[in-house]
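The numbering of the sequence shown is the UniProt record's numbering, which starts it at 1 and goes up by one.
Heads up, a few of these hints could be off.
Said to hold, decoys possible - DSS-like mimics (lysine-lysine), calculated; alpha carbons at most 27 Å apart, straight line:
{"no.": "1", "residue 1": "K202", "residue 2": "K76"}
{"no.": "2", "residue 1": "K27", "residue 2": "K202"}
{"no.": "3", "residue 1": "K38", "residue 2": "K174"}
{"no.": "4", "residue 1": "K26", "residue 2": "K202"}
{"no.": "5", "residue 1": "K103", "residue 2": "K38"}
{"no.": "6", "residue 1": "K151", "residue 2": "K76"}
{"no.": "7", "residue 1": "K26", "residue 2": "K151"}
{"no.": "8", "residue 1": "K21", "residue 2": "K38"}
{"no.": "9", "residue 1": "K5", "residue 2": "K90"}
The hints are simulated quantities; they were obtained by calculation from the structure and are not laboratory data.
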Amino acid sequence: MSEAKIQEIRSDIEEFNDLLKQAKRKKVQDLLSLEIRKLETELITLKEKETLTPMEVSPIPTTSTSAPVQKKYQVKLNVYGWDQSDKFVKVFVELKNVHTLPKEQVYCKLTDKSMELHVDNLENKDYLLVINKLLEPINVADSHWKQKTDKVVIFLAKSNPNTTWSHMTEIEKKFEDQRNNRLKPAETDKKDPQDSIMSLMKNMYETGDDEMKRMISKAWYEGQQRKKTDIMDL
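Could you put together the complete structure from these sequences and hints?
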């Protein structure tokens, strides 16, 4: 990924942080924080964006008219979902037809602070997902994985059960901590920020997913209700 794209995301994060400093309502602050976190996650994974590395597989020569060399590709994955229970952090990776592979072609390599998912020879491609510097240590012996329809679910056993992970990795937590620390000493700009914030929220609503639209609608509705209450109290 080009340096220009990385710089563009960094500039977006800085601008969102400036708007967050000016925001007064908690719902608006939450929405801006959510967008900042998405951009920071994108920045972290940008250099690991899906790449294809051709790997030649030499055929066994039989006759002078042997088939041409077959090529296989390695695909680096960076998109996954995760959830947790008291005992496990569950990682969800969607791959079409992965459930059709033999179990020995779908496996994980785990350490106490990292995981690798390997999916070999799925429609002539090898898939790899690497997550380093997990937020907390895991119990490798009690961890496992399952193939389901079009997905793989990895169950990372917590070394310290009944603890809640705030983030998946140390890097994600570090980014958020740094952002929060930058905001603490900042003073709110004296100019009225509402025009900039409302324009930003409108753009987020128009380009966001259903969950983002629901959150923005709720924030706007609650803001209107507060205004009505303030007027009635006068």
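_Can you confirm whether the C-alpha distance between K26 and K151 stays at or below 27 Å?_
Roughly 37 Å separates the two Cα atoms, so the pair is violated.
_Next pair to validate is K5 with K90; report whether the Cα-Cα distance is within 27 Å._
31 Å, violated
*Given the hint that K21 pairs with K38, does the C-alpha gap stay at or below 27 Å?*
It holds: about 18 Å lies between the C-alpha atoms, which stays within 27 Å.
*Sort out whether K174 lies within 27 Å of K38, counting only the CA atoms.*
14 Å, holds
_Run the distance test for K26 versus K202: straight-line Cα separation, threshold 27 Å._
17 Å, holds
*Hey, K103 versus K38, does the alpha-carbon distance stay inside 27 Å?*
Roughly 34 Å between the alpha carbons, so the hint for K103 and K38 is violated.
*27 Å limit on alpha-carbon distance, applied to hinted pair K202 and K76*: 35 Å, violated
*asked:* Would the hint linking K151 and K76 be met if the CA-CA limit is 27 Å?
replied: With Cα atoms ~16 Å apart, K151 and K76 stay inside 27 Å; holds.
*asked:* Hinted pair, alpha-carbon criterion (27 Å max): K27, K202. Please report holds or violated.
replied: 14 Å, holds
In summary, the numbered hints that this structure violates are 1, 5, 7, 9.
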